[in-house]
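Student: Residue strings, one per chain:
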Amino acid sequence: MRLGLMAVPVAFFAAFFAYPVAAIVGRGLKADGVWRFGRIGEVLADPDIRDVLWFTTWQALASTGLTLLIALPAAYVFARLDFPGKQLLRAVITVPFVLPTVVVGTAYLALLGRGGLLDELWGVRLDTTVWAILLAHVFFNYAVVVRTVGGLWSQLDPRQEEAARVLGAGRFAAWRRVTLPALVPAVAAAALMVFLFTFTSFGVVQILGGPAYSTLEVEIYRQTAQFLDLPTAAVLTLVQFVAVGAILAVHAWTVRRRESALKLVDAAQTARRPRGAGQWALLGGVLATVVLLILVPLGVLVERSLSGPGGSGFGLGYYRALQSAGAGGGTFLVPPLEAVWNSLEYALAATAIALVVGGLAAAALTRRAGRLVRGFDALLMLPLGVSAVTVGFGFLITLDRPPLDLRTSWILVPLAQALVGVPFVVRTMLPVLRAVDARLREAAAVLGASPLRAWREVDLPMVRRALLVAAGFAFAVSLGEFGATVFIARPDNPTLPVAVARLLGRAGDLNYGQAMALSTILMVVCAVALLVLERMRPDRTGSGEF
Amino acid sequence: MLRLDGATVRFGKRAVLDSVDLEVADHEIVCVLGPSGSGKSTLLRVVAGLQAADAGRVLLDGRDQRGVPVHRRGVGLMFQDHQLFPQRDVGGNVAFGLRMRGAAKAEQVRRVGELLDMVGLPGAGRRAISTLSGGEQQRVALARALAPEPKLLMLDEPLGQLDRGLRERLVVELRQLFGRLGTTVLAVTHDQGEAFALADRVVVMREGRIAQTGTPLEVWQRPASEFVARFLGFDNVVAATVSGEAADTVWGKVPVPAGTAQGEARLLVRPAGVRLVPSEDGLPCVVTGRTFRGHHVALLLRPAGAPLLEAECALRDAPEVGAEVGAAFAAEEVVVLGAAD
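Residue numbers (our numbering), protein chains in the order written: chain S, 536 to 1081; chain X, 682 to 1022.
What the hints contain is simulated information worked out from the structure, not anything from laboratory work.
Predicted model, so just to flag it, every value in this text is computed and none were measured.
Do not take every clue at face value.
List time: in silico SDA-like cross-link candidates among lysine to any residue, alpha-carbon distance up to 25 angstroms [said to hold, decoys possible]:
{"no.": "1", "chain 1": "X", "residue 1": "K786", "chain 2": "S", "residue 2": "R991"}
{"no.": "2", "chain 1": "X", "residue 1": "K832", "chain 2": "S", "residue 2": "L995"}
{"no.": "3", "chain 1": "X", "residue 1": "K694", "chain 2": "S", "residue 2": "R999"}
{"no.": "4", "chain 1": "X", "residue 1": "K832", "chain 2": "S", "residue 2": "R974"}
{"no.": "5", "chain 1": "X", "residue 1": "K832", "chain 2": "S", "residue 2": "L987"}
{"no.": "6", "chain 1": "X", "residue 1": "K786", "chain 2": "S", "residue 2": "K621"}
{"no.": "7", "chain 1": "X", "residue 1": "K832", "chain 2": "S", "residue 2": "R999"}
{"no.": "8", "chain 1": "S", "residue 1": "K621", "chain 2": "S", "residue 2": "R999"}
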């Protein structure tokens, strides 16, 4: 039964992940049919490569720490406080996560760089410092921590903390001894995700870091696309693979030690209106953070998309230009606006694939036992850490001949996007699925429900919320996926991020403005999609939140 | 209806269920009684198919249940902590088994109404589970288990978490209800009062084995072993050498029923069989404890140089703590216990 559930995810990862990545690595390390492992030592001995490794690691650590520091209070606010506009705010903080990394980088460049907002106002420039990278990473990953930790936090029974208070624990001690241990798996999962994203950061670093700062992923891209040095790229891919594998192993170990069946309650019953100066101050601080960190960069983005060419006045000129193919100066075969529909179709297909594959995997992992299943748990996280550039390039060189000739199939792009969506689905579903009391399933079985029916009747209603959140994440990362898609999207069917990158890569105000306009459209599409999702969420307290 | 042949379950090296043979006839109410950890709940889980037996067979209506999944066994199980589905209302919980059988909507509504009336919660169908008290949850769980009309209904500590008054009332109601419906019931409990009040037949378990089987009266009157006697709350158990119609014990000569096997034995003297006499006419004791039990008083007596002795007497005859009394024994309240212990 358990093996049956795992068959689909295993086959999926074998065909669309292991095989392409292995093919790329093989191509890089094999010369004339002979493995050349000596290359690994040579590449690693290079001082430039060592600098890249060191920078990749410490900036990822710093980004993760900074994100947790800034986002954990927000997780509390979203879980435990009830205030007008909460759903809207929740959607707002999720928008950055789905923006293409290239756009995030550009938005921060417009804010912190030469001629940017801070430069205009105070003459401050941060684009040559690591602070720009760190802030952009926080911008990007804020929602990961808030949604992952806050989602679980909102379902923890506050009476557990009350029980501790009655037993003599102070307010902080009760939180530290009761709530914190229950949150640790979620915090660890969120921190791991942030670390993986920032460790493999690509677009943000390339734009804001300039030539001074380079992560592994940027280096892999340079070696592959600019220098055509496939052997070095293969070695770096392997290094990233090993590093990510090690991180995942440590994570799996800590999570396995801490994760336990939690007492979950309806999230709608745990939030209260803010009381006392402390809670109001916290809410105010979180709102201020969201404004400064998220709304200001996005505002600058919108402002640039609306400004006329050469900075003359405001207008919809850039948006109009998106409707014709020729306006990009031959950049596109089709009007850039069509990228919106391409992206939506691809992302929906990718979400469906990710939900099926990730859902089956999570269901199989729920009844955890044995070494095999535990290994599977870690395996599912690998696509997050493996170079997207490698995966995309691997798709091109492996899925072009029978039995898997997908070169001309539209499904190629959703498959690559689903690969990064599955880990989100599993990570979101698993903590909630594992917290469902197994005896409820037994009660259903005794009453005549087959295992599948019991899952549908018992687990599904309880995890519907998590499922929606997972779908949202999968949709979002599919929509924003860039590293792999850029290699495999066909020229006449570009996705939004690919179109934006193409426009940004060309000189001229018109192209820059169109890129800003297209990014704004992507942002709006994501915001609308997320708002719909937030409204669909079963919420017994009903309306009145807006 | 139900037959277990040498059913065995091992967790690691420990046998939680050790070749248990058990039969439950149609319309019979059997109660498995034992301390926690004696394997009672595992027994139910094996019958339901929630736990695979390492050895032995489970037969329902004469058919071996090996390989039959839980949902096809047609048994009902009421869980110790109810396990009501929190996301469904009362009616949704009760209707669950009917839906699984594909009953028509109208039939479901009718049965849910009937069952809620029967368990004393008329019109509660739309209430949320979280608004129910412990006793109400109990009733909903019972209605849910009864709804699909299982051929065998199993109850795990059915009244365990309820307060005493409710428990005593419910146990009578349950027995009447099962009698009226003709339900075959296998219940487990650690509470002897519950078992005796509910069951046609009581099965006492110890460490995965059956220690004794019989009607409540048989088990109460003639505990088969020292374990059963002590589990039922009898502590006057003593080593004895039987010769003729009396036995030598540390408490002196104790009369035994006629026809008792001669030689070494363990004796149980029920507290009711310890009569108070003037101290020179019996075993001299000092009263060290006196507990009011409603219709009688339980006394704790300390004989010189021998284990404590429990006695019972009417309130007006009860001596004060510290009084010196004599203890004499009545043969009809003396039970010779089996050696198998």
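Student: Hints first: check each against the structure and report whether it holds.
Tutor: These are the hints, each one checked on the structure:
1. In summary, the hint linking K786(X) to R991(S) is supported, as the alpha carbons are separated by about 19 angstroms, within the 25 angstroms threshold.
2. Annotation: proposed proximity of K832(X) to L995(S) is violated, straight-line Cα distance about 29 angstroms (limit 25 angstroms).
3. Between the alpha carbons of K694(X) and R999(S) the distance comes to roughly 41 angstroms, so the proposed pair goes past 25 angstroms and is violated.
4. The hinted pair formed by K832(X) and R974(S) meets the criterion: a straight-line CA distance of about 21 angstroms does not exceed 25 angstroms.
5. The suggested pairing of K832(X) with L987(S) holds, with an alpha-carbon distance near 24 angstroms, which does not exceed 25 angstroms.
6. A C-alpha spacing of about 40 angstroms is found between K786(X) and K621(S), which places the hinted pair above 25 angstroms, so the restraint is violated.
7. Of the supplied pair hints, the one linking K832(X) and R999(S) is violated, its CA atoms being roughly 35 angstroms apart against a limit of 25 angstroms.
8. Restraint check for K621(S) and R999(S): the C-alpha separation of about 20 angstroms stays at or below 25 angstroms, so the hint holds.
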